[in-house]
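Asker: Okay, here's what each chain looks like letter by letter:
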Amino acid sequence: MNKIDELLNKYIDGELQSDELEEVQQLLKYDDNVKNLKALRIVDNSLRTLEEDLAPVNFTSKVMKTLSAGSTKIKLSKNYFASTINIVFFVSILVILVYMFSQINLNPSASGINTKVNDTVNTISKSMLPLLTFFNNKSVMFFGSSFCLILLLGAYYMVEGHKTFKRRIESLPGK
Amino acid sequence: MNHLTDIEIIESIQRGNQSDFSLLIDRYKNKAFSMLRRMLKNEMDAEEALQDCFLKAYNGLKDFRKDSKYSTWFYKITYNTALSILASKKRMMEQEMSSIDEEFDLGAYDPEIYGTTENVNQFVTKMVDKLPIRGALVIILFYLDGLSMNDISAVMGLSLVNVKVLLHRSRNSLRDLLLKHNYQEEIL
Chain W
1 MNKIDELLNK YIDGELQSDE LEEVQQLLKY DDNVKNLKAL RIVDNSLRTL EEDLAPVNFT
61 SKVMKTLSAG STKIKLSKNY FASTINIVFF VSILVILVYM FSQINLNPSA SGINTKVNDT
121 VNTISKSMLP LLTFFNNKSV MFFGSSFCLI LLLGAYYMVE GHKTFKRRIE SLPGK
Chain H
1 MNHLTDIEII ESIQRGNQSD FSLLIDRYKN KAFSMLRRML KNEMDAEEAL QDCFLKAYNG
61 LKDFRKDSKY STWFYKITYN TALSILASKK RMMEQEMSSI DEEFDLGAYD PEIYGTTENV
121 NQFVTKMVDK LPIRGALVII LFYLDGLSMN DISAVMGLSL VNVKVLLHRS RNSLRDLLLK
181 HNYQEEIL
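Going down the list, the protein sequences come from chains W and H. This note's numbering numbers the first residue of the first sequence as 1 and each following residue consecutively. This note's numbering numbers the first residue of the second sequence as 1 and each following residue consecutively.
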């Protein structure tokens with residue numbers, strides 16, 4: 001496409017800069033360019049009268065029926081990260097509870113509820129004591145906390161990355 | 001309900017009012033059909049593709065970002081759907097779509113169409129159908145759908161410069177036909 005054609009098209013679209021406008025004014029001193037511009041303007045005006053093709057009759061109801069038949073509901077995106085954390089948390093609690101109860105020596109001959117409660121508390125304290133002593137160690141606490149933080153952050157970014165990737169794939173038009 | 005914006009309709013659908021999707025269908029079906037018919041050059045294929053586009057759009061609404069324009073997003077789905085159909089039918093896909101240096105010579109169709117049209121508007125409109133796919137598409141998106149050059153560039157995945165080149169070339173090839181038949185003398 002030559003420079004004159006480009007300028008005339010820009011003129012039609014009202015996209016000319018002031019220096020280009022002067023250039024076009026110079027160009028329009030020649031009959032051929034005037035003829036080209038007239039024809040281009042006719043094309044532009046004719047294209048503005050373009051009419052839409054009509055979609056088939058009952059098209060809307062046909063699509064709506066298809067949607068209803070498939071009972072397609074828009075699924076809201078779920079927060080998988082929060083669900084995962086919740087599951088891990090509850091499973092951990094459950095494991096700890098199971099472990100603690102497994103340590104309790106349930107003696108059917110023990111007398112009274114108070115004795116049983118005392119036994120339970122003693123057992124729990126005894127079983128937790130080495131654990132508490134271990135975690136009271138400052139360096140263990142520091143490394144443990146750091147490790148947990150890194151683990152959580154890693155998991156978070158992994159899940160978020162996966163979600164973003166999935167969203168991108170799904171949002172690709174035509175997919 | 002016609003006064004609702006696209007985004008308001010989408011929010012309503014997302015709240016569970018599935019039937020509101022019919023508003024979006026009514027709003028865009030003719031424009032999308034015009035696009036598809038010119039790209040696929042076949043009414044049956046266009047009709048099938050049109051339904052496919054709306055189903056894809058419905059299923060994709062959950063991921064639709066409300067900061068973008070629904071029209072651009074939907075036309076992009078329409079464009080890609082048409083491209084997939086063309087690719088699957090192997091309609092000279094590579095020749096038609098690989099570059100913007102498409103064949104803009106409309107001479108082969110000109111005599112037949114010139115002989116059957118009554119005025120310049122009819123002639124130009126019919127010749128648009130004979131433009132290369134992307135040339136016709138730019139014309140439709142610009143003149144019929146009123147999309148800006150930037151939006152067309154987003155829909156077609158082309159640079160702004162290339163969109164302008166396609167639009168100018170399409171108009172120039174139509175202009176050349178008008179000059180050939182001295183339409184500019186008849187009218188002005």
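There could be a bad hint or two in this list.
Unchecked claim - Far from chain H, some chain W residues (derived; all Cβ distances over 12 Å):
hint: 1; residue: 56
hint: 2; residue: 95
hint: 3; residue: 121
hint: 4; residue: 126
Stated by the list, open to error - Calculated cross-link-like contacts (lysine-lysine; reagent style BS3-like; alpha-carbon spacing at most 27 Å):
hint: 5; chain 1: H; residue 1: 56; chain 2: W; residue 2: 166
hint: 6; chain 1: W; residue 1: 35; chain 2: W; residue 2: 10
hint: 7; chain 1: H; residue 1: 56; chain 2: H; residue 2: 89
hint: 8; chain 1: H; residue 1: 62; chain 2: W; residue 2: 3
hint: 9; chain 1: H; residue 1: 62; chain 2: W; residue 2: 62
hint: 10; chain 1: W; residue 1: 38; chain 2: H; residue 2: 180
hint: 11; chain 1: W; residue 1: 65; chain 2: W; residue 2: 38
hint: 12; chain 1: H; residue 1: 62; chain 2: W; residue 2: 35
hint: 13; chain 1: H; residue 1: 130; chain 2: W; residue 2: 10
hint: 14; chain 1: H; residue 1: 130; chain 2: W; residue 2: 38
hint: 15; chain 1: W; residue 1: 35; chain 2: H; residue 2: 164
hint: 16; chain 1: H; residue 1: 180; chain 2: H; residue 2: 164
hint: 17; chain 1: W; residue 1: 163; chain 2: H; residue 2: 164
hint: 18; chain 1: W; residue 1: 35; chain 2: H; residue 2: 126
hint: 19; chain 1: W; residue 1: 38; chain 2: H; residue 2: 126
hint: 20; chain 1: H; residue 1: 89; chain 2: W; residue 2: 10
hint: 21; chain 1: W; residue 1: 163; chain 2: H; residue 2: 56
hint: 22; chain 1: W; residue 1: 126; chain 2: W; residue 2: 138
hint: 23; chain 1: H; residue 1: 76; chain 2: H; residue 2: 89
hint: 24; chain 1: W; residue 1: 65; chain 2: H; residue 2: 56
hint: 25; chain 1: H; residue 1: 69; chain 2: W; residue 2: 62
hint: 26; chain 1: W; residue 1: 29; chain 2: H; residue 2: 69
hint: 27; chain 1: H; residue 1: 180; chain 2: W; residue 2: 62
hint: 28; chain 1: H; residue 1: 180; chain 2: W; residue 2: 29
hint: 29; chain 1: W; residue 1: 65; chain 2: H; residue 2: 76
hint: 30; chain 1: H; residue 1: 41; chain 2: H; residue 2: 66
hint: 31; chain 1: H; residue 1: 89; chain 2: H; residue 2: 126
hint: 32; chain 1: H; residue 1: 180; chain 2: H; residue 2: 126
hint: 33; chain 1: W; residue 1: 62; chain 2: H; residue 2: 164
hint: 34; chain 1: H; residue 1: 89; chain 2: H; residue 2: 62
hint: 35; chain 1: H; residue 1: 126; chain 2: H; residue 2: 69
hint: 36; chain 1: H; residue 1: 62; chain 2: W; residue 2: 10
These aren't lab readings, by the way, just hints derived from the structure by calculation. We put the beta carbon where it would ideally sit given N, CA and C, even for glycine.
Asker: Now tell me if each hint is right for this structure.
Answerer: To see whether the hints hold, each was checked on the structure:
1. 56: 5 Å, violated
2. 95: It holds; residue 95(W) is separated from chain H by about 36 Å at its closest Cβ, greater than 12 Å.
3. 121: 52 Å, holds
4. 126: Holds: least Cβ distance 53 Å, greater than 12 Å.
5. 56(H) to 166(W): This hinted pair holds, its Cα atoms lying about 16 Å apart.
6. 35(W) to 10(W): 16 Å, holds
7. 56(H) to 89(H): 20 Å, holds
8. 62(H) to 3(W): Violated - the C-alpha atoms of residue 3(W) and residue 62(H) are around 46 Å apart, more than 27 Å.
9. 62(H) to 62(W): The given pair, whose Cα atoms are some 22 Å apart, holds under the 27 Å limit.
10. 38(W) to 180(H): 13 Å, holds
11. 65(W) to 38(W): 50 Å, violated
12. 62(H) to 35(W): 52 Å, violated
13. 130(H) to 10(W): Roughly 24 Å between the alpha carbons, so the hint for residue 130(H) and residue 10(W) holds.
14. 130(H) to 38(W): 22 Å, holds
15. 35(W) to 164(H): Holds, at roughly 22 Å.
16. 180(H) to 164(H): Holds, at roughly 24 Å.
17. 163(W) to 164(H): Not OK: residue 163(W) and residue 164(H) at ~36 Å, beyond 27 Å, violated.
18. 35(W) to 126(H): 22 Å, holds
19. 38(W) to 126(H): Status holds; Cα separation ~20 Å.
20. 89(H) to 10(W): Distance of about 37 Å is beyond 27 Å: violated.
21. 163(W) to 56(H): 20 Å, holds
22. 126(W) to 138(W): 21 Å, holds
23. 76(H) to 89(H): Satisfied, since the Cα-Cα distance of roughly 20 Å is no more than 27 Å.
24. 65(W) to 56(H): Holds, because 15 Å separates the two Cα atoms, which is no more than 27 Å.
25. 69(H) to 62(W): Given that 27 Å is the threshold and the Cα spacing comes to 25 Å, the pair holds.
26. 29(W) to 69(H): 43 Å, violated
27. 180(H) to 62(W): 46 Å, violated
28. 180(H) to 29(W): 22 Å, holds
29. 65(W) to 76(H): With Cα atoms ~24 Å apart, residue 65(W) and residue 76(H) stay inside 27 Å; holds.
30. 41(H) to 66(H): Not OK: residue 41(H) and residue 66(H) at ~33 Å, beyond 27 Å, violated.
31. 89(H) to 126(H): Given that 27 Å is the threshold and the Cα spacing comes to 24 Å, the pair holds.
32. 180(H) to 126(H): 16 Å, holds
33. 62(W) to 164(H): 37 Å, violated
34. 89(H) to 62(H): Distance of about 31 Å is beyond 27 Å: violated.
35. 126(H) to 69(H): It is violated: about 30 Å lies between the C-alpha atoms, which goes past 27 Å.
36. 62(H) to 10(W): Violated, because 40 Å separates the two Cα atoms, which is more than 27 Å.
Of the numbered hints stated above, those contradicted by the structure are hints 1, 8, 11, 12, 17, 20, 26, 27, 30, 33, 34, 35 and 36, listed in ascending order.
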